[in-house]
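Q: Since chain L is already given, all that's left is putting chain P on it; use the hints.
In order, the protein sequences belong to chains L and P.
The first sequence begins at 876 in my numbering and counts up by one.
The second sequence begins at 410 in my numbering and counts up by one.
If you're looking for bench data, these hints aren't it; they were derived computationally from the structure.
The beta carbon of each residue, even a glycine, is placed where N, CA and C say it ideally should be.
Treat the hints with care, as some may be off.
If you want a taste of the chain P side facing chain L, the calculated C-beta under 10 angstroms gives, among others [as the list claims (entries may be wrong)]:
1. A431
2. I436
3. M437
4. I597
Straight-line Cα separation of at most 25 angstroms, DMTMM-like style, residue types lysine to aspartate or glutamate; simulated pairs [as the list claims (entries may be wrong)]:
5. P/K465 <-> P/E508
6. L/K1013 <-> P/D487
7. P/K465 <-> P/E527
8. L/K1013 <-> P/E486
9. P/K465 <-> P/E610
10. P/K465 <-> P/D451
Here are the chains, one letter per residue:
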Amino acid sequence: MTPDQLFQLSSPIALLGWIALAASPLAPRAAQIVSAAAIPLLLSVAYSGLVLAFWAGTPGGFSSLPEVQALFTNPQIALAGWLHYLAFDLFVGAWEARTARAEGISHWLLLPCLALTFLFGPAGFLAFAILRFSLVGKILP
Amino acid sequence: MTAVFAAPRLTLASAPNRQLFAVTLAIMLSALPIIVALALDDRVFQDDNVWLKPLKFQVALCIYTGTLAAFAMLLPEDSFASRRWRVWIGVVIAAIGYELIWIGTAAALGTGSHFHVEGIWGLLYGLAGASAVTLTALAATMAPAFWRLRSNPLHLSIAVGLALTFALTVLVAGTMSSRTGHYIGTPITGARFPVFGWSAEVGDLRLPHFLATHAMHAVPLAGLTGSRSAVWVTAAGFTALTLWCFACALQGLPPF
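Isolated chain L (complex conformation) (with noise of 0.2 angstroms):
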């Protein structure tokens, strides 16, 4: 499968995770099952395999932001970090509509968190941990 093929097929399952997360108040444990596991882990397999695969012949490195640049010459490495971002911001995602549910935040407010989230990651976080020291004063998970 190339790695084109791959981000095709990769963007649909994400979304579908976050279609469960907008939906999740009919059925949280569902949404929970799918959001905070299956989809993530799947990704996560994804992401492990291309890194154990492409890793060694890729160039650049970790220590400066042109070497993290070098990294993502490579379509395989970048797929990677695609694939690292719809993971753990799903993941990240869940929890907020977890700790949502469990803290009486209405969904109406957790929705445009959800979405900010969805798009630009730490933005929907930043969003999302505002909202909920806003109206319950707590910031710790």
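A: Here is chain P on its own, set in the frame of chain L:
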């Protein structure tokens, strides 16, 4: 002989309004990433960093909601806790959210928000006008609850201040929005008031807008003296000052 001037009694009857307190905190914290963007972004729109305007609106709106949350402490608990009030305050919070997202998005794109009417921006600007009136109306709708307790000069001053904030802001900001920009005249030297950035050279409707909106702070200060006449004199004087600055701006002149 006993003192004739009784010290004003600032009796807090309840906790801050929950919804308004939460939104104040949320606006304050959401300024953090905007401050980072302000520090990192070199883009300029109309002589200011693109992120200055979103930050100014965050400051202004959290002062507004914070003040209203604090004023509610002077009324009995649950004065604004009925279902109708909670829905209405929710609508206002949505309007505030829209306003901030609209201004923030325009900043991120390096383009204008107010007075920007090309294409989709015209629709967004129209919605922002409706949101602005909605969020300012919260002040007016809270005023009667204080007016009922007007035998206390502080409650009187808050009722009058809130009503003036709504009336004067709708007048000044409504006039401003019917024009194509906040300046009346064309600045040449670019002389401006420090911090606030209003033109010190030509008419700038943002100055009377600022005064109009802060009636809810100016008049209650007089209420703290405990004198009912001080409240009415301050309300009249502040209204006159606002209208005078408004008139100056309309003639294309800075007031000072």
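Q: Does the alpha-carbon distance linking P/K465 and P/D451 stay inside the 25 angstroms limit?
A: holds (18 angstroms)
Q: Would you check the hint for L/K1013 and P/D487, treating anything up to 25 angstroms between C-alpha atoms as holding?
A: holds (24 angstroms)
Q: Straight-line Cα separation of P/K465 and P/E527 no greater than 25 angstroms?
A: holds (24 angstroms)
Q: Has the given pair, P/K465 with P/E610, been kept, meaning a C-alpha gap of at most 25 angstroms?
A: Holds - the C-alpha atoms of P/E610 and P/K465 are around 21 angstroms apart, at most 25 angstroms.
Q: Under the criterion of a CB-CB separation shorter than 10 angstroms, is P/I436 in contact with chain L as hinted?
A: Since chain L brings a Cβ to about 9 angstroms from P/I436, closer than 10 angstroms, the hint holds.
Q: Given the hinted pair P/K465 and P/E508, is their Cα-Cα distance within 25 angstroms?
A: holds (12 angstroms)
Q: Can P/A431 be said to touch chain L, with a Cβ gap under 10 angstroms?
A: With a minimum Cβ separation of about 4 angstroms from chain L (threshold 10 angstroms), the hint on P/A431 holds.
Q: Verify the interface restraint on P/I597: the C-beta must sit less than 10 angstroms from at least one C-beta of chain L.
A: Check failed: Cβ of P/I597 comes no nearer than 41 angstroms to chain L, outside 10 angstroms.
Q: Take the shortest C-beta to C-beta distance between P/M437 and chain L; is it under 10 angstroms?
A: holds (9 angstroms)
Q: Would you check the hint for L/K1013 and P/E486, treating anything up to 25 angstroms between C-alpha atoms as holding?
A: holds (24 angstroms)
The structure fails to meet hint 4 from the earlier list, while all remaining hints are met.
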